[in-house]
Each structure stands twice: as C-alpha cells, then as structure tokens.
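**Q** Line by line, the protein sequences are chains A and B. In terms of the numbering used here, the first sequence opens at residue 1 and continues consecutively. In terms of the numbering used here, the second sequence opens at residue 1001 and continues consecutively.
I should point out that these hints are in silico values taken from the structure, not numbers from a laboratory. Source: prediction; values computed, not measured. Note that beta-carbon positions come from the ideal geometry of N, C-alpha and C, so glycine has one too. Certain hints may be false.
Here are the computed distance ranges between Cβ atoms for each label pair [said to hold, decoys possible]: (1) B:V1279 with A:G12: 49 to 55 Å; (2) A:G12 with B:S1024: 55 to 61 Å; (3) B:I1156 with A:I95: 33 to 39 Å; (4) B:A1164 with A:D14: 21 to 27 Å; (5) A:N2 with B:I1073: 47 to 53 Å; (6) A:N120 with B:R1191: 21 to 27 Å.
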Amino acid sequence: MNLRNIRIKVNGIDYELMVKPTETLLDILREKLNLVGTKKGCETGECGACIVLINNRSVNSCLVLAVESDGGEILTIEGLAGKDGTLHPIQKAFIEEGAIQCGYCTPGMILSAKALLDRNPDPSDIEIKEALVGNLCRCTGYIRIVKAIRAASCELRG
Amino acid sequence: MRRLRGFDYIEPKNLKEALLFLHSFGDDSAALAGGTDLLVGFRQGNHVPKYLINIKNIPELKGWELDDTGALIIGAATKISEIEFNKEIKQKWNLLSKAAHLMASPSLRNLATVGGNLCNGSPAADTALALIALGAKVEIVGVNGKRILLLQDFFIDAGKTCLARDELLTKIIIPHPSSGMEGTYLKLGIRNAMEIGIINVAVSLTFKDGDRKCKDVKIVLGPVAPTPIRATKAESLLEGSLLDEKIIEEAAILSARDVRPRYSSIRASADYRKEMVFVLVKRTLKEILDKLSRKKNIEEVYV
C-alpha cells in the first residue's frame, strides 16, 4: 500500500501530509492534526457527529478518504470562532439557548447549521429541521437546538 | 466500528484510463463514487477489493447539459445535492428534485452520486424510481464500447444491475418534458427522514390541452419486488381516461393488488406494504388532481 502526499487547507492553515489510502478525513483531522472537536460516532454517515465543511459543503468526514480531500478547503468546529476567540453567532446562540448537554453532537450540529444559514439565511422551522436530519442528539430532544439556530439566523441577518 | 483496511487507491485521469484499470484488475477492483454505500459496506464486513478506483473526477462523468431536443444529460458522478438544487431540474423535472430532496441527509447528499444510487441496484432507490417515471435512459461504457438502454431495463435483481464489472454508468438521459406533464414523488418510512423507504411511489402523467385526460401514465413502485416496477394495470386503466377521484381509487386498488412483496421483511410485512401501495398511489394521484383543480380554478377566475 502506498502512502500518498496530500495538500489540504484546514481552518485557513495549509498542511502537507502523508496519508494511507485507507485513512479517512476524520482519522487525519483527529489523529494527525489533533483537531478532536470533530467526533467519531457511527462511522456509517448516519449520526452526523463527524460533519465538517469541505469547500463550504457539509460532508460526513467518516466517509471521505483523506486522499480524496486533496486540494480542499476544510472547516472544522475549531475554525469557526474568530482568531481572537470571539464565538461565531451560531456558537453563541447554542450556549445562550442551552442547546448543549453532553456536547458530542454539537460540533456536527453547528456546522450543519452553518451550511444551512450560508445557503438559506432565513429558514423556516421545517427547513431547520430538514437541515438537521443527518444529526442525531441523544440528550436535548432537539427543541433548543432548533431555537438556537433560529436565534442565530436572526443575529446573522442583523 | 472497524477501520478501513486492505485497499489501495487509484485516481484515473479520464474514462479510458478508468475502464482499463477496471478491466485489468477485474474482481480485484471496484469503482468508488460517493462511498456512502461502498465504504459503509466495508466496515460492515463486505469484501474489500485490492484497488479502489475513484471515478468522481472523470470529466466524462461530470456536469450536465441540455441537448438540442431539450433532453437533460446528467453525468453519473453528479452529486444528489447538485440535482436537488439545480434550478432547471426543479422547474422542468420537479419529480426528480423532490426525490433527491427526500434522500438521506444534506451532508450525505453532498457525497452520494446519482450513478452510485442507481448502480447499487436497490429497488427502493429514490432517484431510480423518479428517473424511471421520467422515462430516463442510461449510457453504459466498457472497454468494448458503449450502449444506451432504458433505466427500467438496467435493473435485474435485488442489488444487481446489468453493469458488468469492467463497465461504468456514465450518463443519465432524461427526455424533454412534454407540455402538460405533471408528476410527484412520495416516500414512506418509519421515521420522517434518513430512511430506506418502506414504499416509495413516483408518478408521472401528461395532460394535453388543459383537460384531465391522462396520457403517458407512469406509476413506479419500490421496494415491492427485486427491482423497481411499474403498476402496469393501473397505468392502462388511467391511460386515455379522465382523472377523477373514482378512477384514482380504482388505480390505487389495482396497483396494490398486483404487487407481491416478500413475505417477511425487516422494515414492514408484505400485507402492510400492499396496503401502503394503495395509500401512496392514491395520495400521489390525488396530489396531481388537486394541483390540476387549483390551476383550473385560477383560469376560471380570469376567463
């Protein structure tokens, strides 16, 4: 099996890495780049805990081979806050609305929300829920998560 | 969950290269599209080939265009989300937009490809049912040349298509929609989303000259058989007839009577599936009837 050289930009920083063909993007984010905010859940694309944005599109990083992400721009949860630590409005809203309990689903939820709001800045509740169908939460019952996204969409629209 | 192991990765530059790899490596290779079924299968114990051949960047499999008959030609590596958000498809082939929107989740739709959805050979595949209802054809290419066939004839058995190991599905061709064509798609699952359907129905009908006489009726059902099927008796009943509540009821009964789903099943019993065929065929046809009535009412107001 041959190691491959890939170049990826993660949270604005360029990296050059040697990866095995069998490593997933999720594996290398957590294990090579120490970005452990993105979580390993089901590894079958069903739970959304591993969701990151590649070129502004949400994807399940457990199903993306590292080699396939060559040349891509990746945003993980660690890249959302400002360089000075200012939280993104979605992160703030999740905290203020109490939408976080154990926190395991939260990075995936927030990035799915970002992907939604980037495309649809004023979503209805149904549209918010549809955007989250691939994100499972075992703690909150989803109500506060939807509320937080609604609040964040207001904040982002000014 | 198991780690992925045992395969090497090849990224061919074009279709010719990809086909040569698939042909030379034979059973030791597999085409990698979105990976949303393939990689999951590996983790669940499926056979892992020595070589995965990434076909997503092959130029011949990408993009979409309209030909001079107004037919839509979609590259097989097109993501489901690209189909979902395509304005042209939403306007002219709305049934396909609807089916794409009901698949999986937004993030999976950004990875999964329409070619992959078809080549998986599932009789429940959302894009398969919608595309059959739209009269789609597929182009298949191998080292020995290309062939084009009706999508309906592409499926042979549960999980099996007529694609040989060293062939690739390259394009999906959807004929220009006739004026007066209406269609819709409904999916039934235990949950509201992230489901492989218990029953999915794609319906397409054409109404000429603003009346309610049905033409080119297509009622496509799955999964009630090893492959997607058409409710042919119901279609014959509707063909040339005026669409009203009475005939919808009859068509729904005929559709349900004709299916023979498997006796036992993980998601639903055979009896339940038959009953749901009746319900969903009725609902899809009623949705089209209601839409026609609303259109007619608007016209009457202005006449």
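**Q** Work down the list of hints and note, for each, if the structure agrees.
**A** Hint by hint, here is what the structure shows:
1. B:V1279 with A:G12: 49 to 55 Å: The hint (49 to 55 Å, Cβ to Cβ) holds, given that B:V1279 and A:G12 are roughly 52 Å apart.
2. A:G12 with B:S1024: 55 to 61 Å: 42 Å, violated
3. B:I1156 with A:I95: 33 to 39 Å: For B:I1156 and A:I95 the Cβ distance comes to about 54 Å; the hint is violated.
4. B:A1164 with A:D14: 21 to 27 Å: 42 Å, violated
5. A:N2 with B:I1073: 47 to 53 Å: Violated - the Cβ-Cβ distance for A:N2 and B:I1073, about 36 Å, lies outside 47 to 53 Å.
6. A:N120 with B:R1191: 21 to 27 Å: 23 Å, holds
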